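J.: Respectively, the protein sequence lines represent chains A and B.
For the first sequence, position 363 (counting from the first letter as 1) is numbered 363 according to this note's numbering, and the numbering increases by one without interruption.
For the second sequence, position 92 (counting from the first letter as 1) is numbered 92 according to this note's numbering, and the numbering increases by one without interruption.
Just so you know, these hints were derived from the structure itself, not from any lab.
Careful, some of the hints might be misleading.
Ranges of calculated distance between the beta carbons of each label pair, as one might list FRET restraints [claimed, not checked]: (1) B:Lys-313 - A:Gly-367: 53 to 63 Å; (2) A:Gln-58 - B:Asp-32: 53 to 63 Å; (3) B:Pro-278 - A:Glu-283: 23 to 33 Å; (4) A:Ala-324 - B:Asp-20: 28 to 38 Å.
Reference excerpt, derived from the structure (chain B facing chain A, CB under 8 Å, subset only) [what the hints assert, rightly or not]: (5) Tyr-93; (6) Phe-192; (7) Phe-275; (8) Tyr-328; (9) Val-332; (10) His-410.
Only a predicted model underlies this, so the values are computations on that prediction, with no experimental measurement involved.
Here a beta-carbon is modelled for each residue, glycine too, at the ideal position from N, C-alpha and C.
There are 2 protein chains.
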Amino acid sequence: MTEPCDLTAVEARRRIDRGDLTADALVRSCLDRIAAREPEVEAWEHLDRAAALAAARQADSGQGGGTLRGLPFAAKDVIETADMPTTYGSPIYAGHRTAWDAACVAMARNAGGILIGKTVTAEFAHRAPGKTRNPWNPGHTPGGSSSGSAAAVACGMVPLAMGTQTGGSVIRPAAYCGVVGYKGSFGEFCLFGVREQTRSFDTLGLFGRTVADVALFRSGLLGEAPVPLAAVDGAALRIGLCRTMFWDQAEPAVQALIEDCARRLEAAGATVTDFTLPPVFRELKESSRWISAWEMPRAFAYEIANHRDKISKDMLEGRVADGANCTYDLYVGGLEKQREAQRSLLDAMKDIDVLITPSTPGEAPEGLASTGTSLFNAFWTEAGVPTISLPAGRGPKQLPLGVQLVGHRHRDRALLEAAAWAAGVLA
Amino acid sequence: MTEPCDLTAVEARRRIDRGDLTADALVRSCLDRIAAREPEVEAWEHLDRAAALAAARQADSGQGGGTLRGLPFAAKDVIETADMPTTYGSPIYAGHRTAWDAACVAMARNAGGILIGKTVTAEFAHRAPGKTRNPWNPGHTPGGSSSGSAAAVACGMVPLAMGTQTGGSVIRPAAYCGVVGYKGSFGEFCLFGVREQTRSFDTLGLFGRTVADVALFRSGLLGEAPVPLAAVDGAALRIGLCRTMFWDQAEPAVQALIEDCARRLEAAGATVTDFTLPPVFRELKESSRWISAWEMPRAFAYEIANHRDKISKDMLEGRVADGANCTYDLYVGGLEKQREAQRSLLDAMKDIDVLITPSTPGEAPEGLASTGTSLFNAFWTEAGVPTISLPAGRGPKQLPLGVQLVGHRHRDRALLEAAAWAAGVLA
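Only chain A is shown next, with the shape it has when bound in the complex (with noise of 0.2 Å):
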């Protein structure tokens, strides 16, 4: 027999209303998941059982309706609580709470989900990793930053997480666990009380284990009604395959993951046409880097002055040295270029609805000592596109390997439509 914390977050949701499912059992179920695999995986940074029972119990008791009724969701440590601790995977912050809940999570609880804890998150979402091992084999990454709601979903300790997305602290982290992770289009979900970290990359993103999971958990973030997504007719669906200018980066494995995906969507129906990114996006890594120098360094100015012999190597080496080198003139080029390859991205996608490319270049990497690369993530953030990454199989090493879509700003339905679609083909 499933598990209540193997279910979907749609199914358990169905069961709840219809009374089949009381959010007690589902919340038990889900400590029970916790209790079994967290010594081996250690997704969580801050757990309460006690604080997730009362709350289940008030869901039980309640008149029900709302859009995340009953169901339990994990929230990154970059998240503020007003009733957890709120680390942002810093020593600085140890034991530090907010006198508030950050949007996001207001309006989660608003409708109805429940907060059982705090996942483990790289340093201020950043590089330096937290403890957080991946479910599939303890001796790699789980991926990052957003690390812990990754693995957590992934081994069914929690059916929806959030996470945040600067580079690749989603899609990476979804692709290495075997989970569905959707990067929000920028300024898709309010971003009061998650940490700033680089303003004009910074993304709020979700993790499920499926489509249909996330998009309930983006309506109830959105204080929308639980409205299912429409059925997509694949024969419509204009698709571009995306290889990237770091094509030749991307493993064996992946580059035929991808083409195999492609031909896929293609036999079921839709129209699978090869997509050259603009020429400008050859420019962002080394313009987006200025924005990240300029940026960052300013966002952590208090921490900076205040508490260096706290701050990690990978910081203050990285970013904090890129800092000092940054002028506001080189600054405001790298938003120029971001701004471009907005512009020029939206031109090129005008004929297409949604692009297929590699999450990833391949399985996580072995070891915990780095995240791995955000090669086929930065500038998709730095687009502001959404993008989703699906469970597709898995490599060499036997790890998850992820296929990644991306659509149009602000159409993020559409592109969960879309996903949903693929999903199905692919399953």
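Chain A is fixed; fit chain B onto it per the hints.
T.: Same frame as chain A, now just chain B:
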């Protein structure tokens, strides 16, 4: 003899560097002025005399060189501070403290500036007014929402102060209080630790008594050296006289003032031509309302759900009620209009360096019930361009009037240089 608190920031810094003035004497002078004027003006939410004097002693014993060395400044109380409370102008957060300084405060302190206190703000930098009175006539509003910052600078309590503008919250109080108010380009300053209200419009602004002071403050906040503004050749300056679509709502005194200022700048050598805003600007009032209606209730989702009884009617019956009628499509449509306005303004200003336009429709309204209209401010904020209000005489009630200059996004220094020239001509 001029009191130290009446010196410009530039002059005070020069004297401190030369050893002709101590930070201690400057801070004491500011505190004396505060003691004299505060009972009438009520500019301060929190004042920390001991901490300010301790910071002054430290500045006096230091090596100097900091861009803001020894200069006292104030921060609007929506700007977070580790060592002083931050209340956001809301009873929800009475006595509340954060574990950090906002990035702008940290940057100013790193540059040697001395934070002497937090200034009164309208509730969450929105509409419900604070206690501050106009220093020119206590029966009138100082404008808002950066009420205390503008009033404090106006009466010599502090040479420099920070504010924020989402509609007209910097330019309006600057004009009403007869000081220089500068709203940076959208994205000019890091907003970490500045309470998010409407993320698509939220902007940091600075108050001072001269353009050069504001420019010095800006350099400190950006982490730049204190390079004086370059002198502008007025004959090379291309100025657009922008009456806007709201010209007939400006009082006759304001219309006459702006026409007169334009003529005087022309007489001083500048090329002045009539400038008409692109037609899309007529649609911004409606479309931007949906951006506010979507973003603000989400940014305050926690407070609305948990502290509704402590939120003003202004906010609940305004933005929060609007939010209930706003859909995702209306929101995204608003964002598209905003981008269209930004693009079309850039194009329309191709051969223009600076626009001249009213700061407000008239003098500060009587009473404290309203902080005034953002009629001549909101669309510039939405367009993301930098603006500055220069004091320009008095109106029929003997209260200050301002003239507003508008520049190009992220060419803030060029705007400040043009403004310094204009201030000289109009003095």
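J.: If a hint holds in the structure, say so; if it does not, say that too.
T.: Going down the list of hints, with the structure as the test:
Separated by about 57 Å at the C-beta atoms, Lys-313 of chain B and Gly-367 of chain A satisfy the suggested range of 53 to 63 Å. Against the hinted window of 53 to 63 Å, the Cβ-Cβ separation of Gln-58 of chain A and Asp-32 of chain B comes to about 56 Å, which satisfies the hint. At roughly 29 Å, the beta carbons of Pro-278 of chain B and Glu-283 of chain A sit within the given window of 23 to 33 Å. Between Ala-324 of chain A and Asp-20 of chain B the beta carbons are some 33 Å apart, a value that agrees with the proposed interval 28 to 38 Å.
This hint holds: Tyr-93 of chain B has a C-beta 7 Å from the nearest C-beta of chain A, less than the 8 Å allowed. Using the Cβ-Cβ criterion of 8 Å, the hint placing Phe-192 of chain B at the interface with chain A is satisfied: the shortest such distance is roughly 4 Å. With a cut of 8 Å, the hint placing Phe-275 of chain B at the interface with chain A is violated, because the nearest CB-to-CB distance is about 24 Å. Because the beta carbon of Tyr-328 of chain B sits about 7 Å from the nearest beta carbon in chain A, less than 8 Å, this interface hint is met.
Because the smallest distance between the Cβ of Val-332 of chain B and any Cβ of chain A comes to about 5 Å, under 8 Å, the interface hint for this residue holds. For His-410 of chain B, the shortest C-beta to C-beta distance to chain A is roughly 5 Å, which falls under 8 Å, so the interface hint holds.
This entry does not satisfy hint 7, going by the numbered hints stated previously; all others are met.
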